[in-house]
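Given the coordinates of chain A, assemble chains B and C onto it according to the supplied hints.
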Amino acid sequence: MTHVLGQFSIMLALALAAAGSLAAVTSIVTAQPAWVRSARNAIYLVFVLLTMAMGALEYAFLSHDYGLKYVADNSNNTLPGFYLATALWGGHEGSFLLWAWLLALYSAVAARLHWRTHPQAMPYLLAISSALLLGFLCLIVFLADPFEAAKIRAADGAGLNPLLQDPGMVFHPPFLYMGYVGFSIPFAFAMAALLRGKVNEEWIRATRRWTLFAWLMLTFGIVLGGYWAYYELGWGGYWAWDPVENASFMPWLVGTAFLHSVMVQETRRMFKIWNVFLIIATFSLTLLGAFLVRSGVVSSVHSFASDPGRGVFILSFMTIVLVFSFGTLVLRGDRLKSEVEIDSMVSRESAFLFNNLFFLVAMATVFVGTLYPLMLEAFTGSKVTVGAPYYNAVFLPIMLAMVVLMGIGPLLPWRKASPEVLARNTLLPAALAVLGTLATIAAGVHEIYPLFGLAVVYFVFGTILRDFHTGARGSQRREGLSYFSALLNAITRNKRRYGGLIVHFGVLMMIVGLIGSSVFRIEKDVVLKPGDSFALGSYEVQLKGVTEVSGPNYSGMAAILDVLQAGKQVVELRPEKRNYTTSSMPTTEAAINENWLRDIYLVLDKPTGDGLIIKGYLNPLVKWIWSGVMVIGLGTALSLWQRRRLMKEQA
Amino acid sequence: MRLIALLLLLLGLTVQAAQVEEDELEAKTRDLSRQLRCLVCQGENVWESHSDLAGQMRDHVRDHLRAGESPEQIKAYLESRYGDFVLMEPPRHGLNWLLWLGPFVLLSAGALLLRRQLSLWRKPAVKVEIAALSEEQKRKIDGELARLEDE
Amino acid sequence: MKGWKIAIIVVVVAVIALFWRGLHMDPRFIPTVLEGKPAMTFAAQEINSGRIWKLEELRGKVVVLNFWASWCRECRAEHENLLQVQERFGSNKDFVMLGVVYQDQDEDARRFLKEWGSNYPHLLDPKGEVGIGYGVSGVPETFLIDRNGIISCKHVGPLVGSELEKVMERWIKPMLAGKELKSCA
Numbered sequence: 001m002t003h004v005l006g007q008f009s010i011m012l013a014l015a016l017a018a019a020g021s022l023a024a025v026t027s028i029v030t031a032q033p034a035w036v037r038s039a040r041n042a043i044y045l046v047f048v049l050l051t052m053a054m055g056a057l058e059y060a061f062l063s064h065d066y067g068l069k070y071v072a073d074n075s076n077n078t079l080p081g082f083y084l085a086t087a088l089w090g091g092h093e094g095s096f097l098l099w100a101w102l103l104a105l106y107s108a109v110a111a112r113l114h115w116r117t118h119p120q121a122m123p124y125l126l127a128i129s130s131a132l133l134l135g136f137l138c139l140i141v142f143l144a145d146p147f148e149a150a151k152i153r154a155a156d157g158a159g160l161n162p163l164l165q166d167p168g169m170v171f172h173p174p175f176l177y178m179g180y181v182g183f184s185i186p187f188a189f190a191m192a193a194l195l196r197g198k199v200n201e202e203w204i205r206a207t208r209r210w211t212l213f214a215w216l217m218l219t220f221g222i223v224l225g226g227y228w229a230y231y232e233l234g235w236g237g238y239w240a241w242d243p244v245e246n247a248s249f250m251p252w253l254v255g256t257a258f259l260h261s262v263m264v265q266e267t268r269r270m271f272k273i274w275n276v277f278l279i280i281a282t283f284s285l286t287l288l289g290a291f292l293v294r295s296g297v298v299s300s301v302h303s304f305a306s307d308p309g310r311g312v313f314i315l316s317f318m319t320i321v322l323v324f325s326f327g328t329l330v331l332r333g334d335r336l337k338s339e340v341e342i343d344s345m346v347s348r349e350s351a352f353l354f355n356n357l358f359f360l361v362a363m364a365t366v367f368v369g370t371l372y373p374l375m376l377e378a379f380t381g382s383k384v385t386v387g388a389p390y391y392n393a394v395f396l397p398i399m400l401a402m403v404v405l406m407g408i409g410p411l412l413p414w415r416k417a418s419p420e421v422l423a424r425n426t427l428l429p430a431a432l433a434v435l436g437t438l439a440t441i442a443a444g445v446h447e448i449y450p451l452f453g454l455a456v457v458y459f460v461f462g463t464i465l466r467d468f469h470t471g472a473r474g475s476q477r478r479e480g481l482s483y484f485s486a487l488l489n490a491i492t493r494n495k496r497r498y499g500g501l502i503v504h505f506g507v508l509m510m511i512v513g514l515i516g517s518s519v520f521r522i523e524k525d526v527v528l529k530p531g532d533s534f535a536l537g538s539y540e541v542q543l544k545g546v547t548e549v550s551g552p553n554y555s556g557m558a559a560i561l562d563v564l565q566a567g568k569q570v571v572e573l574r575p576e577k578r579n580y581t582t583s584s585m586p587t588t589e590a591a592i593n594e595n596w597l598r599d600i601y602l603v604l605d606k607p608t609g610d611g612l613i614i615k616g617y618l619n620p621l622v623k624w625i626w627s628g629v630m631v632i633g634l635g636t637a638l639s640l641w642q643r644r645r646l647m648k649e650q651a
Numbered sequence: 001m002r003l004i005a006l007l008l009l010l011l012g013l014t015v016q017a018a019q020v021e022e023d024e025l026e027a028k029t030r031d032l033s034r035q036l037r038c039l040v041c042q043g044e045n046v047w048e049s050h051s052d053l054a055g056q057m058r059d060h061v062r063d064h065l066r067a068g069e070s071p072e073q074i075k076a077y078l079e080s081r082y083g084d085f086v087l088m089e090p091p092r093h094g095l096n097w098l099l100w101l102g103p104f105v106l107l108s109a110g111a112l113l114l115r116r117q118l119s120l121w122r123k124p125a126v127k128v129e130i131a132a133l134s135e136e137q138k139r140k141i142d143g144e145l146a147r148l149e150d151e
Numbered sequence: 001m002k003g004w005k006i007a008i009i010v011v012v013v014a015v016i017a018l019f020w021r022g023l024h025m026d027p028r029f030i031p032t033v034l035e036g037k038p039a040m041t042f043a044a045q046e047i048n049s050g051r052i053w054k055l056e057e058l059r060g061k062v063v064v065l066n067f068w069a070s071w072c073r074e075c076r077a078e079h080e081n082l083l084q085v086q087e088r089f090g091s092n093k094d095f096v097m098l099g100v101v102y103q104d105q106d107e108d109a110r111r112f113l114k115e116w117g118s119n120y121p122h123l124l125d126p127k128g129e130v131g132i133g134y135g136v137s138g139v140p141e142t143f144l145i146d147r148n149g150i151i152s153c154k155h156v157g158p159l160v161g162s163e164l165e166k167v168m169e170r171w172i173k174p175m176l177a178g179k180e181l182k183s184c185a
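Protein chains in written order, with the numbering used here: chain A, 1 to 651; chain B, 1 to 151; chain C, 1 to 185.
If you are wondering where the hints come from, they were derived from the structure by calculation, not from laboratory data. Glycine is no exception: its CB is placed at the ideal position from the N, C-alpha and C atoms. Please note that a few of the clues may not be correct.
Result set (DSSO-like, lysine-lysine): computed pairs, CA atoms no more than 27 Å apart in a straight line [said to hold, decoys possible]:
| no. | chain 1 | residue 1 | chain 2 | residue 2 |
| --- | --- | --- | --- | --- |
| 1 | C | Lys179 | A | Lys198 |
| 2 | C | Lys37 | B | Lys75 |
| 3 | C | Lys54 | B | Lys75 |
| 4 | C | Lys173 | A | Lys198 |
| 5 | B | Lys28 | A | Lys606 |
| 6 | C | Lys93 | C | Lys5 |
A few chain C residues that face chain A, going by a derived Cβ cut-off under 7 Å, partial list only [unchecked claim]:
| no. | residue |
| --- | --- |
| 7 | Lys5 |
| 8 | Val10 |
| 9 | Val12 |
| 10 | Ala14 |
| 11 | Ile16 |
| 12 | Arg21 |
| 13 | Gly22 |
| 14 | Leu23 |
| 15 | Pro27 |
| 16 | Arg28 |
| 17 | Phe42 |
Here chain A stands alone, though its shape is the one from the complex (with noise of 0.2 Å):
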């Protein structure tokens, strides 16, 4: 029952989709407003049915259905509940349809939210919204069919991969996709105002807070990962330079960039052009994510299983989307010129370049390096391996730039900067620099790098701190607040800004935390019998025994640790090697115990005749990383709140 229903709402969806677009083309064509009315609700109805498809693919798995073979591959019997019901994007044909769900959802949503407000533009958006939602279905049905039925109906299921059995791995693609998915919208409105030969700013102002949102996912979704790999695949690091790691990060890159670009044009009306390439480049990019991904292509740990006909259709439709995108906005680009003026090479819009110009160069360099074995193995048939190491070396310093520029950037006034004003901004984040460096020496870090790292960092917060502090000044001295209220006062009045310091400050947090965890580490590798113990840092470990361990699917062993520290025990941790009974390959379940420190980390390897080997790491400050991205989203959320009627666009 539950296949012929989820089944029939993808092929309608697919038939639905096709009409929309059919329809949203004709109202462009003959500028006939039921044709429009017809395309939206189409939109409508297509969401309507991918959420029936999506309620039937929840209830196969919930009621363990395995005359589906998606459910077969992806769940079995003794599948924990929370596991069960997400288990739906665990693999690759139910992560599509969640995909192609949440495009539908936002188009949907779209639709209805500017439907007054930007009547020429709706046509636009519909169309390339059904064209793009009849991609994914086309794929869908003909190719990635979760609904497909079972060859034998099994009594349970194969189970899901216990390396996904976790928080973070659950909420991972949903953030992602709603980032990808996000872009989509100020993509279909860029093509629109492309197509139209129209920019104004109402645009931009309509599609600010879809880009917020979809960069906040898209934020959200790479740090899930990174936050996933290091709780649980126990290798003490949570970011690889995996190709799809990569995919996913040079969209982001690009939405960063483009977040950034498209404030100059709010603000002075330039760049327009420019502004349309960044966001075209970074839906394209989220097109080539998938591609990169579900392709096979690239050799990666994270690939789904591949199938050539899926990457031969995911690359005609990337094409198709490429060209049209591109190729429109080399023939109409040009009707898009601004008049470009710059008072001065020393000020706001041209810090805005130079942010866009490191921002490119740093996704350029992803880019060129995923993608290099490729391009070697095609021309010269030689492989290489293009892994972290080369990254480390070559993004770290286009990084640390990127920070100053983040630091020097809001220092600068729109138009022009007399020498007199810079030099006011910057003397306190200077001396503040100056200080925090000394004290870090101090502190007895001699290594140039962090020291460099840490000396940005103390600079910026220094800007961040200076402008909360002016605003409260005038706030102050304009009502007459107290200090504390003056500050709030002026949040509010202007919560962009302040949105943005607060995102900036949540950056600042995850370089500090970047920089300690990585230039800081130890990590140490021993044999154990019980009693033994072995130093860690400022640390004592010592193992007092194991014991056995079991859960729902699973059964293992864990070594008992005392963590002591001057005599004193600390904490005791407990590492897990587990054998899930779906899996013949052992997972490790590493032990962590975190503080705004230090992680104390610590892995079970495996017995051997000498003892227990284990692996203890000792990460510095890899918390900051993890509430750093949420002072982030509490910035961005700041930054959302701040209301602005929609203004119904001039014709």
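Relative to chain A, chains B and C alone:
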């Protein structure tokens, strides 16, 4: 598993507990293994991978380090057997320079292009005869401007 | 046309072309770098007799080295063909065929040979040094080593059908007849 755990516990009761230090050889093996790629895995390095080949390569590295060979020698040997693919980063020769220098070249070229474009966009200075401002007036105006800009 | 427009077109076309090409390539395939290079000398123990075989001692002979494992299905598929190769060329005193047990348990390998037969020596490689020395990353892999101890050709995958014919007719036969191999195809 259970048997081993039991044995270990018994062992612990009978053998003197010790402060164990990490084997320096192990640390060196780890560092070198991190620079080598596990050929049958998808992008993992030899230290992290659980595959059999990675295990054998780790043993190979350990044995040769113990015998006194330098990391460069061991890497060179493996590279001669498996090709550049076995290294986690592309060796700096030939076409690979494109990769190593590319980002910095791009950045410099981009910055130059940007500078040029900015100077093209810059409004030409307007030559107008104005009565020069007095120092007092200049300071006052700058101060007001600064305060405005701060908000 | 303006510069930026050309740049966009070039990049987009190049990227798409690269991906189309990429769909036809295999990211897991590792090209060999050893063809034409001296074969690694080894001293390995034969699985049943215990005799130590050294590659230097085989100088002047044409050697076929085949890496296999008892757990490898494709090795099972090619096993009869390998026995055939030995039957056909074994009587030639300039021909030596050797098997190398790869990432396997000795007992499992012995059992395999007992069950499926063996007419040539098989060497143990407990630490995998021989495997690494020949750049082996999976099984089965077969090497052709010429009389001067140079690796002439390497074949990845089971020797069945046309591949078997290639090895017998275009590799071993000409080499035993004293001819130079122009290619490994």
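Results for each hint:
| no. | hint | verdict |
| --- | --- | --- |
| 1 | C:Lys179 / A:Lys198 | violated, 74 Å |
| 2 | C:Lys37 / B:Lys75 | holds, 18 Å |
| 3 | C:Lys54 / B:Lys75 | holds, 25 Å |
| 4 | C:Lys173 / A:Lys198 | violated, 74 Å |
| 5 | B:Lys28 / A:Lys606 | holds, 20 Å |
| 6 | C:Lys93 / C:Lys5 | violated, 69 Å |
| 7 | Lys5 | holds, 5 Å |
| 8 | Val10 | violated, 11 Å |
| 9 | Val12 | holds, 5 Å |
| 10 | Ala14 | violated, 9 Å |
| 11 | Ile16 | holds, 5 Å |
| 12 | Arg21 | holds, 5 Å |
| 13 | Gly22 | holds, 4 Å |
| 14 | Leu23 | holds, 5 Å |
| 15 | Pro27 | holds, 4 Å |
| 16 | Arg28 | holds, 6 Å |
| 17 | Phe42 | violated, 26 Å |
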